[in-house]
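**Q** Sequence:
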Amino acid sequence: MPQISTPDAVLRIKKLIDTKQGDPGRLQYISERLQHGKKLFHSDEIYLNHKISASVIPVQIQKPTEKDERIKSVKRLLALNFGDPGRLRYILQFLERGRELYHSDENYLETKIAQFQEFTEGKRIKRKVRE
5 MPQISTPDAV
15 LRIKKLIDTK
25 QGDPGRLQYI
35 SERLQHGKKL
45 FHSDEIYLNH
55 KISASVIPVQ
65 IQKPTEKDER
75 IKSVKRLLAL
85 NFGDPGRLRY
95 ILQFLERGRE
105 LYHSDENYLE
115 TKIAQFQEFT
125 EGKRIKRKVR
135 E
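When we follow the working numbering, the leftmost residue of the sequence shown carries the number 5, and every step to the right adds one.
Keep in mind that the hints were calculated from the coordinates and are not lab data.
Errors might be hidden in some of the hints.
Stated by the list, open to error - Distance condition first, Cα-Cα at most 25 Å in a straight line; then the derived SDA-like pairs of lysine to any residue:
id : residue 1 : residue 2
1  : Lys79     : Ala118
2  : Lys19     : Lys76
3  : Lys24     : Tyr51
4  : Lys18     : Ser59
5  : Lys116    : Ser59
With the hints as constraints, model all of the structure from the sequences given.
**A** So this is what it looks like as C-alpha cells:
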C-alpha cells in the first residue's frame with residue numbers, strides 16, 4: 005500500500021468530504037486529529053486507509069531555530085536593500101554554511117536588524133496617525 009504524508013492525507017480527506025464520499029463527521033474528526041499531530045484510533049486508521057487507498061506517515065513539524073530566524077532576517081534585509089548588500093550576502097553565506105560569524109559581523113547584523121525594526125515601527129506609527 006502506498007504511503008502519503010499527513011498534509012497530503014488532510015487534502016485527500018477534504019476532497020472526500022467535498023465529494024460526499026464517506027462519513028463527513030468521521031472524516032472531519034480524523035482530519036483534525038492528523039492536523040494536531042495526534043495518533044489515530046486503529047479503527048479510524050483502517051477506515052482512512054480504505055478511503056484513500058494509502059497509509060499515512062506522520063510528519064514532524066520543526067520549530068524554527070535561532071539560526072533560521074537570523075537567516076530569514078538577513079534575507080529580508082537584502083530584499084529591502086537595508087544595509088550593505090555585499091556584507092549581508094557574506095553574512096548569509098556564513099550562516100547557511102553553519103559557520104560562526106566574526107564578532108564585527110555579529111555586531112553589524114544586530115545593529116541592522118535593530119535599525120530595521122525601529123524604521124518599520126516608525127512607519128506603523130505614522131500610518132496609525134493618518135487614519
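**Q** Each of the hints needs a verdict: does it hold here or not?
**A** Status of each hint after checking the structure:
no.	hint	result
1	Lys79 / Ala118	holds (15 Å)
2	Lys19 / Lys76	violated (34 Å)
3	Lys24 / Tyr51	holds (15 Å)
4	Lys18 / Ser59	holds (16 Å)
5	Lys116 / Ser59	violated (48 Å)
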